[in-house]
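So the protein lines, in turn, are chains C and U. Going by the working numbering, the residue at position 179 of the first sequence is 179; the numbering climbs one at a time, nothing skipped. Going by the working numbering, the residue at position 190 of the second sequence is 190; the numbering climbs one at a time, nothing skipped.
Any given hint could be a false lead.
[Claimed, not checked] Listed below are the simulated DSSO-like cross-link pairs for lysine-lysine, each with C-alpha atoms no more than 30 angstroms apart in a straight line:
| # | chain 1 | residue 1 | chain 2 | residue 2 |
| --- | --- | --- | --- | --- |
| 1 | U | Lys-72 | U | Lys-18 |
| 2 | C | Lys-132 | U | Lys-5 |
| 3 | C | Lys-8 | U | Lys-14 |
| 4 | U | Lys-123 | U | Lys-108 |
| 5 | C | Lys-8 | C | Lys-22 |
| 6 | C | Lys-37 | U | Lys-72 |
| 7 | C | Lys-132 | U | Lys-108 |
| 8 | C | Lys-22 | C | Lys-37 |
| 9 | U | Lys-18 | U | Lys-52 |
| 10 | U | Lys-188 | U | Lys-72 |
| 11 | U | Lys-14 | C | Lys-132 |
| 12 | U | Lys-123 | C | Lys-132 |
| 13 | C | Lys-37 | U | Lys-108 |
| 14 | C | Lys-132 | C | Lys-22 |
| 15 | U | Lys-226 | C | Lys-132 |
| 16 | U | Lys-5 | U | Lys-226 |
| 17 | U | Lys-5 | U | Lys-188 |
| 18 | C | Lys-22 | U | Lys-72 |
| 19 | U | Lys-52 | C | Lys-37 |
| 20 | C | Lys-132 | U | Lys-18 |
| 21 | U | Lys-188 | C | Lys-8 |
| 22 | U | Lys-72 | U | Lys-52 |
| 23 | U | Lys-188 | U | Lys-14 |
Note that these hints are calculated values from the structure, not bench results.
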Amino acid sequence: MVVRLLEKIGHNVISGLENGGKVIRLSTDAVVQLRHKPNWNHVLQQMVHLGVDSLPIVMLTMLFTGMVLTVQTAHEFIRYGAQASVGGVVFIAMGRELAPVLTAVVIAGRVGAAITAEIGSMKVTEQIDALKVMATNPVAYLVVPRLISCIVMLPILGIFANVIGTVGGYLVATSYSGISSFSYLHSIKLFAVITDVTGGLIKTMVFGAIVAIIGCYKGLNTAQGAEGVGRATTGSVVTSMILIFISNYFLSLMLYR
Amino acid sequence: MINLKNVSISFNGKPVIKDINLDVEQGETMVIIGPSGSGKSTLIRLMIGLIKPDGGEVWIDGQEISQVNEDKLNDLRRSMGMVFQYSALFDSMTVGENVAFGLRQHTKMNDQEIARVVRRKLKMVGLSGQENKMPNELSGGMKKRVSLARATALNPRIILYDEPTAGLDPLMSATISRLISSTRRILKVTSVVVTHDMASAFWVADRIAMIYDGQIIACGTVSEIKESSDQLVQKFINGMSSPGQAAKRRAKI
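With the rest of the complex left out, here is chain C:
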């Protein structure tokens, strides 16, 4: 029983390390392939598909996150007479943590899953082999445009997320919690600094790279038909989210200490 448990743990550790190594290798390959000029039409298509089409769901998520954050903070802050700080707190929480992380989580669910399902179904129907046979590197053709798109589009989505989250907070603060418009905006001016936003945007770039690389890696390693595509897609979303949360902790330590 104990031996079997240890064997299972050992197997999982080895397979985790093996997958980690393969992900690093795919990332390196993608960077190496940047020496060739990417197909910019393809990159733009991916930017629209992965970025622009995700805007409504990101904005909806962040609007309500900003609103609920303000409901909770305003209620407590008013009890202690600190209502003049609500705007600043909401803005800083949005800029540093909530906008980057929640945007990345939404994108991992929407875009990461789509990348894996698309590349995974290409893998099981031999389309990836067809690319190789036609002397086209699958990393250059499939991974690089998605990586560039995610790294460029996630910070842009992050900016929208910041703005709409803060606006959501403003609406609730002024219409529901009885905080004046001046007080909300003044506290943002008082407490927030530019690094609250730029740090968050750096995070979104890292998260974008994670979503793209994990999505592509899981897709390129899909096996066993339609069932394999489903399993790879789920694995892609779960792995991306775990890596986003872990890397967010270390990025926060690096950027805001």
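Fit chain U to the given chain C structure using the hints.
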């Protein structure tokens, strides 16, 4: 043109190809036959560098491909084409875009020149005017023909066919066999065809190699194979299997 020297490969410790030697001459059509799971498709994937052998050498056009890097392999692949068992058409692209793919990736042709080549290749496989259809609107036979048009778009010197008639009715199988022969005649290509469709094999082959349990057990011209004294070869080409237990019991009674 294509030379396999003592090639072996195993998957998960199970040997699939065992010390195979095979030479395909320039302009020749070599058909590889054998039962399912005997290693035919693995052999063809070795020839185009999709997998690397555990041992031995794979020579294509005077270059040993199992040791070269991806860039050199891609240079070589530009002179090769492959028709996949399930066609492997890019399902997000139209028929025309599929055929044009290699031209867009590897040539400096403008849109008009590419469209002209696409029209010519589709006409060659009897699919004129189908450029704007999506792969999911095509029948199995049409997909195979588009796959052939795509494989010939860059005028390759070698074409590999993986089960080109699998899953097709006899009439469509005959059409595909005729296309393989005419492609060879028009483009003067060297062809390797993996199949277990004997009618197609006898139609297109200059020589036939039979692979059984990872080894080549017979290789020769069509007439040599037809007259082979090897029992396995005769059973395979005549579609006979060993009698099952039920047949043996009935024979005893």
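Hints and how they fare:
no., hint, in the structure
1, Lys-72(U) with Lys-18(U), "holds (27 angstroms)"
2, Lys-132(C) with Lys-5(U), "holds (24 angstroms)"
3, Lys-8(C) with Lys-14(U), "holds (24 angstroms)"
4, Lys-123(U) with Lys-108(U), "holds (23 angstroms)"
5, Lys-8(C) with Lys-22(C), "holds (21 angstroms)"
6, Lys-37(C) with Lys-72(U), "holds (19 angstroms)"
7, Lys-132(C) with Lys-108(U), "holds (20 angstroms)"
8, Lys-22(C) with Lys-37(C), "holds (24 angstroms)"
9, Lys-18(U) with Lys-52(U), "holds (14 angstroms)"
10, Lys-188(U) with Lys-72(U), "holds (24 angstroms)"
11, Lys-14(U) with Lys-132(C), "holds (26 angstroms)"
12, Lys-123(U) with Lys-132(C), "holds (26 angstroms)"
13, Lys-37(C) with Lys-108(U), "holds (15 angstroms)"
14, Lys-132(C) with Lys-22(C), "holds (19 angstroms)"
15, Lys-226(U) with Lys-132(C), "violated (36 angstroms)"
16, Lys-5(U) with Lys-226(U), "holds (26 angstroms)"
17, Lys-5(U) with Lys-188(U), "holds (25 angstroms)"
18, Lys-22(C) with Lys-72(U), "holds (23 angstroms)"
19, Lys-52(U) with Lys-37(C), "holds (28 angstroms)"
20, Lys-132(C) with Lys-18(U), "holds (25 angstroms)"
21, Lys-188(U) with Lys-8(C), "violated (56 angstroms)"
22, Lys-72(U) with Lys-52(U), "holds (14 angstroms)"
23, Lys-188(U) with Lys-14(U), "violated (38 angstroms)"
The structure fails to meet hints 15, 21 and 23 from the earlier list, while all remaining hints are met.
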